[in-house]
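Number of protein chains: 2
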Amino acid sequence: MSAILTFPWPRLHGFCVGVFRRLDVPEEDARLAADVLSAADRRGIDSHGVARLRTYVDLLSAGRINPRPRLKVVRETESTATVDGDNGLGLVIGPRSNQIAMDKAARAGTGWVAVCNTNHFGIAGYYVLKALERDMIGWAMTNSSRGVAPLWGGERMLGTNPIAIGFPAGKQPPIVLDMATSAVAYGKVEMSMRKGQRIPLGWAIDRDGAPTTDPSAMLEGGALLPLGSDREHGGHKGYGLALAVDVLSAVLSGANWGPFAPPFAIRQSLPERSVGKGIGHFFGAMRVDAFRDPEEFKTQIDDLVRTLRATRPAPGTQGPLIPGDPERAAEQEREKTGIPLLPAVVEDLRQVSRQTGVPLE
Amino acid sequence: MSAILTFPWPRLHGFCVGVFRRLDVPEEDARLAADVLSAADRRGIDSHGVARLRTYVDLLSAGRINPRPRLKVVRETESTATVDGDNGLGLVIGPRSNQIAMDKAARAGTGWVAVCNTNHFGIAGYYVLKALERDMIGWAMTNSSRGVAPLWGGERMLGTNPIAIGFPAGKQPPIVLDMATSAVAYGKVEMSMRKGQRIPLGWAIDRDGAPTTDPSAMLEGGALLPLGSDREHGGHKGYGLALAVDVLSAVLSGANWGPFAPPFAIRQSLPERSVGKGIGHFFGAMRVDAFRDPEEFKTQIDDLVRTLRATRPAPGTQGPLIPGDPERAAEQEREKTGIPLLPAVVEDLRQVSRQTGVPLE
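Same order as they appear, the protein sequences are chains H and L.
The first sequence: position 323 = 323 (my numbering), numbered continuously.
The second sequence: position 213 = 213 (my numbering), numbered continuously.
Derived by calculation from the structure, the hints in this document are not laboratory data.
Glycine is no exception: its CB is placed at the ideal position from the N, C-alpha and C atoms.
None of the hints are false.
Simulated pairs of lysine to any residue, SDA-like, Cα-Cα distance not exceeding 25 angstroms:
#1 H:K277 x L:D293
#2 H:K277 x L:R306
#3 H:K277 x L:D303
#4 H:K171 x L:R273
#5 L:K188 x L:L321
#6 L:K171 x H:R273
#7 H:K72 x L:R107
#8 L:K171 x H:G276
#9 H:K277 x L:R292
#10 H:K171 x H:R328
Computed Cβ-Cβ distance ranges for the label pairs, DEER-style:
#11 H:T6 x L:E190: 49 to 55 angstroms
#12 L:E190 x H:R309: 29 to 35 angstroms
#13 L:K171 x H:L5: 53 to 59 angstroms
#14 L:T213 x H:P8: 48 to 54 angstroms
#15 H:G316 x L:I266: 35 to 41 angstroms
#16 L:G316 x H:R309: 39 to 45 angstroms
#17 L:R194 x H:Q197: 38 to 44 angstroms
Assemble the whole structure, with the sequences as input and the hints as a guide.
As C-alpha cells, this is what we get:
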C-alpha cells in the first residue's frame with residue numbers, strides 16, 4: 001500500500017473550483033460547491049469531501065446533474081419557503097436554500113426551507129456553521145438513497161438521513177451536532193470489510209434481515225440498522241428520526257422519499273418508482289434574539305459547556321466531549337498539516353484531472 | 001398481589017378535574033390538565049397519566065407549583081415567542097404555549113415557542129396531536145431533571161429529554177413520533193427491579209460509571225445511557241440529541257438546564273445551583289400549506305406509510321410499525337375496556353381522594 005499523500009486544503013479547493021468550472025458550473029457556484037467539499041475535508045469527514053468529487057463529476061458529465069440550475073421558490077410564507085432546485089448540485093442548491101432560511105429568519109424570527117429536485121449536499125454540518133456566523137441556531141437535514149432498514153424490517157427502506165443542529169456560544173466553541181440517524185455510517189462497514197474485520201452486532205442485518213457481524217453480508221444486499229439498533233435498545237427511535245427527516249426533507253418539498261430517493265452514484269440503477277423530484281433537504285434558522293438576549297444565551301451556553309466538560313469521566317475515558325469537538329480538533333490539525341488522502345482517492349483525483357485538464361499538483 | 005382495576009377514562013378525567021379544582025386551579029385549567037393526563041392513560045403511556053397525579057397534588061399542596069399562573073409572553077417575533085409560565089402546572093402552561101405556537105403558524109407559516117418557569121408537562125405526544133387537529137406538523141420537547149449520563153460521563157447530567165413530532169396523513173393514521181432521547185425509560189429499569197430481573201447491557205451505568213445489568217445499581221446513584229448506548233453504537237448521537245433538547249427547551253427560554261433542572265418529586269432535594277426558572281419546554285407548529293398543497297402532502301404520506309408497512313419483515317417479526325401505532329392500538333383497546341391501573345396507583349388515587357374530598361368511585 002502506497003503512502004498517504006497530504007494536500008493543503010486551498011489547493012484541493014482550487015482544484016475543485018477548476019473542475020466544476022470545466023463542467024460548465026458558473027464561477028460563483030463552483031466556489032460554493034468547493035467550499036462545502038473543503039469543509040468536510042478540513043473537519044475530518046473524509047467520506048464527504050474530495051473523495052466524492054469523482055461522483056459529482058460523473059453525474060455532471062453524464063448530464064444527470066444540471067450545472068446551471070435556476071433555483072425557484074415555488075411557495076412561501078413569512079417564515080417558510082419551498083425550493084425547486086432544478087436538479088442542480090446539492091452543493092450549490094443547499095447553500096442557496098440555507099441562505100433563504102437565514103434571510104427569512106432575519107425578518108420573521110425563524111426561517112424554514114424545504115428543497116426538492118436537488119442532489120447530495122455534502123456535510124449537514126456545513127449549513128449550521130453558516131447560521132452560527134450570523135448568530136443564529138442552524139438546522140440542516142437531507143434524505144438520501146436507501147441503506148437503512150426500519151426496525152423489524154428486513155430490507156433497505158430509508159437513507160442514513162442526517163440531522164445537524166448548531167448553537168452559538170460565547171467564549172466556548174459552539175455546540176455543533178451532525179449525525180446520521182443510522183447506528184453507524186455506511187463507510188465504517190466498508191472500512192471493516194477492507195480490513196477484514198467483523199462488525200459489531202447492532203450495526204447491520206444481512207439480506208435475509210438477520211443480525212450479522214459480517215460486513216460483506218451487509219454490503220451485499222443487507223442493510224444498516226437505525227440508531228438504537230434493536231427494540232430493546234431503542235431502534236424504533238432511530239427509525240422514527242430517520243422517517244421524520246425523510247418527511248421534512250422529501251415529502252414536504254415534493255422530492256422522492258423513502259426507498260425511492262435516487263442514488264448518488266453513476267452505476268447504481270434508479271429506484272423502481274419515482275414519487276417526486278430528486279432528493280430533498282430541509283434547512284432551518286432561528287435568530288437567538290427572537291427568543292432571548294443573545295449575550296445572556298451565550299453566557300449560559302458557555303456555562304453549560306463548562307459544566308458538561310466537568311462531568312466525572314466514565315472509567316477508561318477522558319470524560320464527555322461537546323458535539324463538534326472531534327471536527328474542531330481535525331480542523332486545527334489539518335490547517336497545519338494538510339488533508340491526508342488515501343491512495344485510491346488521489347488516483348481518482350488524478351483521473352478527474354486527466355479527464356478535465358485541470359492540474360491537481 | 002391484588003387484581004388490576006380498570007376505570008373508564010372519563011371517570012378518571014372527572015376525578016382529576018375535581019382534584020385540581022380543589023387545589024385552587026381554575027375550572028378551565030383543571031380541564032386542560034386532566035386532558036393531558038387522560039391522553040397518556042388512553043394511549044397506554046401509564047407512567048405519565050393519573051399515576052403522576054399524586055406528585056402534582058403534592059407539589060401544588062406544598063406551594064411548589066402555582067395553581068393560578070399568569071402566563072407572560074416576554075419576547076416575540078412573527079414566528080416566535082418566549083413564555084414565562086409563572087411556575088404553573090406544565091399541564092396548563094404546556095397546552096397554552098403550544099396554542100401560541102399554532103396561532104403564530106397560522107399567520108407566519110410556522111410558530112416556535114420556548115417556555116421557562118414551568119413544570120412537568122405530561123406526554124410530549126399530546127401537543128403534536130393538537131397540531132394535527134389543525135393540519136399542522138407539530139413539535140414538542142421538554143427538559144427534565146437529571147437521569148442520563150452523557151457518553152463517556154460517569155454521572156447523571158441530562159434529563160431523558162423527549163422529542164415528539166407529528167405529521168398529518170390522509171386516509172392512513174398520522175405519523176406520531178414520541179421518544180425519550182435515552183436508550184430506555186427510567187420506568188423500565190424500575191420495573192425490572194420490581195420483577196427481580198437483570199437489565200440489558202446498554203441501558204445504564206452504575207455509580208462508578210461502569211456498564212451494569214443490575215437495575216438497583218442504576219437506581220442507586222447510577223445513570224441511564226443515551227440512545228445508542230456506547231460509542232460503537234452511536235451513544236454520542238443520543239447524547240447530542242438530549243443536549244439539543246436541553247438547549248432549545250431551557251437555555252433558549254431562560255429555564256434551568258442540564259443537571260440543574262429541578263426534580264418532579266416532593267421528596268427529592270433541589271439541585272445545588274439555580275441557573276434559570278423552573279424547567280423548560282419547546283413547541284413548534286408548521287402549517288403544511290406553507291410548504292406544499294396539503295392534499296398532495298397527505299396523499300404522499302399515505303403512500304409512504306403503505307410503502308413502509310409493505311417492507312419485508314425481519315425474521316421473527318411482523319414487519320415495521322409506523323410511529324404512533326402502539327399508542328393508537330392502546331387507545332382503541334382502552335376506549336372499550338377502560339384504563340387498567342396497578343393496585344399501588346389506585347391506592348395513591350384513593351389517598352388523593354381522601355385528602356381532597358373528591359370521590360374516586
